[in-house]
Structures are given as structure tokens and as C-alpha cells.
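Sequences are here, hints too, so could you generate the full structure?
The sequence shown begins at -19 in this note's numbering and counts up by one.
Careful, some of the hints might be misleading.
To be verified - Distance windows between CB atoms, simulated:
#1 D121 x P215: 50 to 60 Å
#2 H122 x S209: 32 to 42 Å
#3 F109 x P215: 47 to 57 Å
#4 P112 x A10: 30 to 40 Å
#5 S0 x D121: 42 to 52 Å
#6 G131 x R101: 15 to 25 Å
#7 P106 x T194: 23 to 33 Å
#8 G151 x H122: 28 to 38 Å
#9 T4 x P112: 41 to 51 Å
#10 P27 x P214: 51 to 61 Å
#11 V138 x S111: 23 to 33 Å
#12 D121 x W142: 21 to 31 Å
#13 P214 x D121: 48 to 58 Å
#14 P77 x D146: 21 to 31 Å
Calculated directly from the structure, the hints in this document are not laboratory data. The beta-carbon is built from N, C-alpha and C at its ideal position, and this holds for glycine as well.
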Amino acid sequence: MTRRHSLRYIPRRAYSTSTSLTDTHGKLRALLRETAQPVAVVTSFMPKSSGQDGTAYHGATLSSFTSIALSPHALVAFSLRVPSRMATTLSELAAAPSSGTHFIVNILSARQADVAQLFSRPDLHPQPFESPQIQWSLTRDHLPLLHDSLGALACQVVGAAWPLSDLEALGGKAGETVEGAATGDGVVSELFLARVLRVEDVPSSAAAGDEAGTLPLLYHRRGYGTVQSPPPSPPSNR
-19 MTRRHSLRYI PRRAYSTSTS LTDTHGKLRA LLRETAQPVA VVTSFMPKSS
31 GQDGTAYHGA TLSSFTSIAL SPHALVAFSL RVPSRMATTL SELAAAPSSG
81 THFIVNILSA RQADVAQLFS RPDLHPQPFE SPQIQWSLTR DHLPLLHDSL
131 GALACQVVGA AWPLSDLEAL GGKAGETVEG AATGDGVVSE LFLARVLRVE
181 DVPSSAAAGD EAGTLPLLYH RRGYGTVQSP PPSPPSNR
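Take a look at the structure:
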């Protein structure tokens, strides 16, 4: 795999002090590091506050994104750490009496590792849409669309976000919560379910023959990379 590394700080996550749970979480985390994940950026607009002039756009790199159904409804899911401006934005949009598009999921191409980095660190890059590295335009729903993405999905949040720190709220047993979540010591996330309303046409500045623009950006072993053909299998001794 061709890999473009970034110096991202990966925070430790505080879970239950149970030895078995800690062991399971550690093994799962190690396994997932070996499993390449697609990289996407969710973009939307922040609901207007009093005294705000104009529309404030916001985006966030997703650490988890997947398609969960194509029929009868096209559905995707992702999680966001809370508190975060994007989680607050999507929750407010979901509660509003509107049936329109709430956000865009921009599935990044292999040439957009810098884009993923910009939208992953609001502490370092509080205004990524003003960066010369970001080429974007508005969709017909007036939502920001990142140019040169592999693809983009116009989505609508379905229902309220699910608190992943509270298994009881998800149908589990009473009292099954992540230790530290209530005190702020743990990393807490919310799960968002969304319906895909439309696949957008994405403007591209890639030159003819630019393969990186047609390959997915992947996150693997704490670095960004893409795909390549696997090496041939060794001959069988049978």
C-alpha cells in the first residue's frame, strides 16, 4: 500500500477497568489498525445564532463511515465524538421541521490526505473552508461540496443520534455504560443514521490519467494511503 503519513495525535480512550474488557478493547483496536478504513468528510451549515451574519459552514473528518442498506432505503451510518460542533449541528437539523438535505458526505480520493487532515483538527484549522488547499462549491441545497472527492452523498439525518456510551438506551441491560463517560474521562460518541437522498456530481481538477483521483483515500496503521494490487500468491507445494 502506498501510504502518506500524518502526524496526528491519537488520544488514548478510557474504558472500563475490567481486565477482560480492557483486553478486548485493546485487541479490537489493534485489529482495526490493520484494517484499512475509507476516509470521508461530512460538511454542512451551522444553524444561525443571534447576531450571526451570513451562513457558517462546517466540516469534520469521520473516523467511521459505512453504508448499511441500499433497499428499500439507502442508509449510511457514522459516529461523531461529543461534544462537537458537527454533532450539535446535525442534532439541531434533525429536530427541525424540514424534509430537505441536512449534510453532504464527501468520500475522499487518494489525492486528498491534506483535506482529511484539515478537517480533522479544528484546534489547528478552525476555518478549513478558507484554506487554499480546499476547493469547494455549493450544491443545489446550498451545502458545501468538496471538489476532487471520489464521490459525494446528499443525506438527511434519520431520527435522533444514539448515545454510544449508554447501552441501555440502545436496548442493552440497565447500567451498561462506559466508565468515565459521566465524568468526562472517557471518549464518548454518538451514532448518526442518515438516508441518502442523492449522489452528487463532483467537480474534478484532476488531469487525464491521474489515477490518484480515482482511488479511495484509506486510513491504515495511523496513516493515510490507498489501494494497490496484492502480490501474487506463492505457488502451492501440493
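Consistency of the hints with the structure:
The hinted window of 50 to 60 Å between D121 and P215 holds, with their beta carbons roughly 55 Å apart. At roughly 41 Å, the beta carbons of H122 and S209 sit within the given window of 32 to 42 Å. Range check, F109 to P215: Cβ separation about 53 Å, and the 47 to 57 Å hint holds. Between P112 and A10 the C-beta distance comes to about 38 Å, which sits within the given range of 30 to 40 Å.
Look at S0 against D121: about 47 Å separates their beta carbons, and that is inside 42 to 52 Å. Take G131 and R101: their Cβ atoms lie about 24 Å apart, and the range 15 to 25 Å holds. At roughly 32 Å, the beta carbons of P106 and T194 sit within the given window of 23 to 33 Å. The given range of 28 to 38 Å is respected by G151 and H122, whose C-beta atoms sit roughly 37 Å from each other.
The beta-carbon spacing between T4 and P112, approximately 44 Å, falls within the hinted interval of 41 to 51 Å. With their beta carbons about 57 Å apart, P27 and P214 fall inside the hinted range of 51 to 61 Å. Between V138 and S111, the C-beta spacing of about 32 Å keeps the proposed range 23 to 33 Å intact. Distance hint check for D121 and W142: the Cβ-Cβ separation is about 25 Å, which falls inside the suggested range of 21 to 31 Å.
Here the CB-CB span from P214 to D121 is close to 52 Å, well matched to the stated 48 to 58 Å. The hint said 21 to 31 Å for the Cβ distance between P77 and D146, and at roughly 27 Å that hint holds.
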